[in-house]
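Novice: Chains as they are written, first to last, in this note's numbering: chain A, 1 to 316; chain V, 1001 to 1248; chain W, 2001 to 2288.
No wet-lab data here; the hints were simulated from the structure. In this text, a Cβ means the ideal position worked out from N, Cα and C, and glycines have one as well. There's no promise every hint is true.
Here are the simulated SDA-like cross-link-like pairs (lysine to any residue), alpha carbons at most 20 Å apart as the crow flies [unchecked claim]:
1. A:K6 - V:R1142
2. A:K6 - V:T1141
3. A:K77 - A:I149
4. V:K1133 - V:N1038
5. V:K1197 - V:V1210
6. A:K77 - A:I13
7. A:K77 - A:N132
8. A:K6 - V:V1210
9. V:K1197 - V:P1165
Pulled from the structure, derived: some chain V residues nowhere near chain A, Cβ distances all over 10 Å [as the list claims (entries may be wrong)]:
10. G1014
11. D1066
12. A1102
13. D1195
14. P1231
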Amino acid sequence: MEMSPKRGANILIWAVLLTMPYWINWIGGYTSLGSRVMVLALAAMSLNFLLGFTGVLSFGHAAYFGLGVYGMGLTIKYLVPSTVAGTAVGVVAGAAAAAVIGLLIVRLRGIYFAMATIAFGQVFYFIAYRWNTVTGGDDGLSGWHRQPIDLGFAAWDILGSDRAFYYWVLVCFAGATGIMAALLHSPFGRTLLAIRENERRARFLGIPVDRHIWLSWMISCFFVSLAGTLYALLNNFADPHDLRWDQSGDFVIMAVLGGMRAFWGPLIGAAIFVVLQDYVSSQTQNWMSFIGLFFVLVVVFFPRGVLGILHRPSSR
Amino acid sequence: MSLLQVESVSRHFGSLVAVENVSMSVEVGELRAVIGPNGAGKTTFFNLISGFLTPTSGRIVFGGEDITNLLPARRVWRGISRTFQLTEVFPELSVQQNLRIAVEIAAGYRLRPWLSRREDAAVSIRATDLCNKGGLANVETRLVGELSHGDQRATEIMMALALNPRLLLLDEPTAGMGDQETYNITRLIRQLHRDQKLTIVLIEHDMRVVFHLADRIMVLAEGRMLAEGTPREIAANERVQAAYLGQA
Amino acid sequence: MTQLILFNLFNGLIIGAFYALMALGLSLILNLSGVINFAHGGFLAIGAYLAYTLTPYVGFWGALAIAPFLTAVLGLIVERVLIRRLYGRDPLYSLLLTFGLAFILEDGTRYIWGPQTLPFSVPDWLSSPLSSQFFFLTGYRLFMVGLVVAAVAALFLILSRTRLGMRIRAGTLDLETVSTLGVNVRVLRTLNFGLGIYLAGLAGVLAAGMLGLQPTIGSALIMPSFVAIIVGGLGSLPGTLLGGLLIGVTAGVTTVFVPSASEAVIYVMMGLVLLVRPRGLLGEEGRF
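Looking at chain A on its own, in the form it has when it is part of the complex (with noise of 0.2 Å):
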């Protein structure tokens, strides 16, 4: 076997990836769009972890990516001016929190657990909506921005350099989308495919279903929310509306068109979610309705997305 056709897509994907901020402006780009789509492309990928590859519908991950944003904002305004710890309360905010929650909707099936996760998904908003003194309210967190990373022998401009920064969200989405990569390809990750494929028959071969589908969501929570710390980042802004259902369903749709059977798909997803938004926001008023209508047309047309019409359902 020379090189397999996977392969070859890998090393393309990574190529593009490492080299993009040298040639994104030339296709008319920029590099900040650059490091939006790979923001949004790992919190879809995360999603995908739970949808894609263990069968479980969630419609409100933004809440656990908006724990990421406030979790970074929020640290460097009041706590301490670092990137690397707004990093880890981000993300240890967003799983704390999904953990309880997990706990609470993993007996729930299908459209249920989406209606459950939906619901649960707004309290954080409320609560970043409410509690103006400390999270902005409906402005937002602003009055902070990123830290450059201190690496002991050189510091790493990520504030100064959109170019730096763009190279800090590749290597967290390198290392999150490397160990989600092997965890699919590990027995374990095996046994979320059996229950995408047939809960009964997983549950009868003795695999614990409740319980791997709250180790899979905790897996795919914890992503979303390093995603979340990432975009805080991006924006040196934290908007309440990154926790609403809104931005959920971009994260869900992010997945389906790009192609949820497939790792790569919901980057693709994303690329081209985030370049059309990019370019119609700036052409009109109405671009609610065209995200709504660019909704209705995926899933009439193009329910199984960009690279589930490229290959079968293959045994990836």
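The hints should help you fit chains V and W onto chain A, whose structure is shown.
Specialist: Just chains V and W now, kept in the frame of chain A:
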């Protein structure tokens, strides 16, 4: 020594009585068939043993331990594995992967985030071995959902076997199969029983299969036990004949 | 203090009645067709704005009669053209579709009627307080409670007495059997969807008179409706009704003591219910 002891279990759904006061004792190495007309409560009875349902009353003892209220996964860990009337497999995964998942769970790897090279090789060998035994070698890399009904059923049985069960429950293993497929599955079941001394309980409609395979037969009708005995005794039993003729 | 609590209790009951009316429509569609209708709030807004537009011509009562009906017609069209193709598919798709529709409806409302809050006038004799001590007891509020009670009663009568209603209930329990009995499931689902949207339109007209008209009126009411369904019990319409009233009252009472927590408290309540009783208060076992 009896491996499985079902002590006067009943299961009601509201006012509907699905199984009423049924007892059964299965010896180690025995092949027991459960037969009865449609709606006799056979599948409900199976569901009670495998933990899909819990009984309204009664007790189930497996290997000397009371398992009446254990969750399905825990019963599997204790050595009960089952197949379903409508085949339950992982349709969008290959035969090899279906078996691999079962083998890994049996090896206690279900929470492992990685395998060593040696462990991985051992899993592959065992999965391939099961593939060959089930007559699936030529479809190993195909998606199970694309296979014939018979091959899907064989995959399911081999997955159940991958768990190294002490008791195998087969719910209508030959349902919906042609003659050749029925023959293959029957031969497979007999092999398991004769060569590996596996204890098996099966529900079956095809009387040729039942009388060919079973050591003992239990007859259910309208949720109650009608008769129990060797194939010869059951064939001669007038009440059983009446139940079957009465239904026809 | 007593008066304050009474005021908020009553307020909570009214809000709860809204939630219930909206959640009942959602529940109907969810139970029969397995579709979470995210656009339900959008339909509510359409109902409200249609009433606003119609009032100058046909008066409040005319608008109350016609607007929900027109909203239901719009719902029927949407069901026929879009939602119908997704039955039987992964619920993910209908969720995404109605999610997109919610955006379109909200933005469309804003486009047609403008982003600013519009006044919606109810007849004078309805809007004046009935007693000076209990200033919050306006005729309109009492009327609203009465109308919700009537609508809910009518809904349950339709479901238990008419042929359509009985088929809907049977279909909710076992769609396959109903279809083998010769019932046209497609038509059944369409009519059921229309019925659910009618309730959303009705809730919209009532909400317009109480909360004022804003394009976001629907999206503010939809989340609590989800909570109402989960708290009340999945698959149970009486449960949905109970859930709606319960969270309305809970939110109302919380307003007295911790105003800023009035929104979050219903989610805490949902968490507690799921902790103690995952299927919800009146939910049937095995339906989730």
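Novice: Look at each hint and say if it fits the structure.
Specialist: Status of each hint after checking the structure:
Restraint check for K6 (chain A) and R1142 (chain V): satisfied, since their Cα atoms lie roughly 18 Å apart, inside the 20 Å limit. Between K6 (chain A) and T1141 (chain V), the direct Cα distance comes to roughly 17 Å. Compliance with the 20 Å bound is thereby established for this hinted pair. Taken as a hint, the K77 (chain A) and I149 (chain A) pair is honoured in the structure, with Cα atoms around 16 Å apart against an allowance of 20 Å. A C-alpha spacing of about 32 Å is found between K1133 (chain V) and N1038 (chain V), which places the hinted pair above 20 Å, so the restraint is violated.
Of the supplied pair hints, the one linking K1197 (chain V) and V1210 (chain V) holds, its CA atoms being roughly 18 Å apart against a limit of 20 Å. Among the hinted pairs, K77 (chain A) with I13 (chain A) is inconsistent with the structure: their alpha-carbon atoms are about 36 Å apart, more than 20 Å. A hinted pair counts as satisfied when its Cα atoms are at most 20 Å apart, and K77 (chain A) with N132 (chain A) qualifies at roughly 15 Å. For the hint linking K6 (chain A) to V1210 (chain V), the alpha-carbon distance of about 49 Å lies beyond 20 Å, and the restraint is violated.
A hinted pair counts as satisfied when its Cα atoms are at most 20 Å apart, and K1197 (chain V) with P1165 (chain V) qualifies at roughly 11 Å. With a least CB separation of 23 Å from chain A, G1014 (chain V) remains clear of the 10 Å interface cut-off, as annotated. Look at D1066 (chain V): its CB is around 19 Å from the nearest CB on chain A, clear of 10 Å, so calling it non-interface holds up. Annotated as non-interface, A1102 (chain V) brings its C-beta within 10 Å of a C-beta of chain A; the closest such distance is 6 Å.
Its beta-carbon lying about 23 Å from the closest one in chain A, D1195 (chain V) satisfies the requirement of being farther than 10 Å from that chain. Even its closest Cβ contact with chain A, about 29 Å, leaves P1231 (chain V) beyond 10 Å, as expected for a residue assigned away from the interface.
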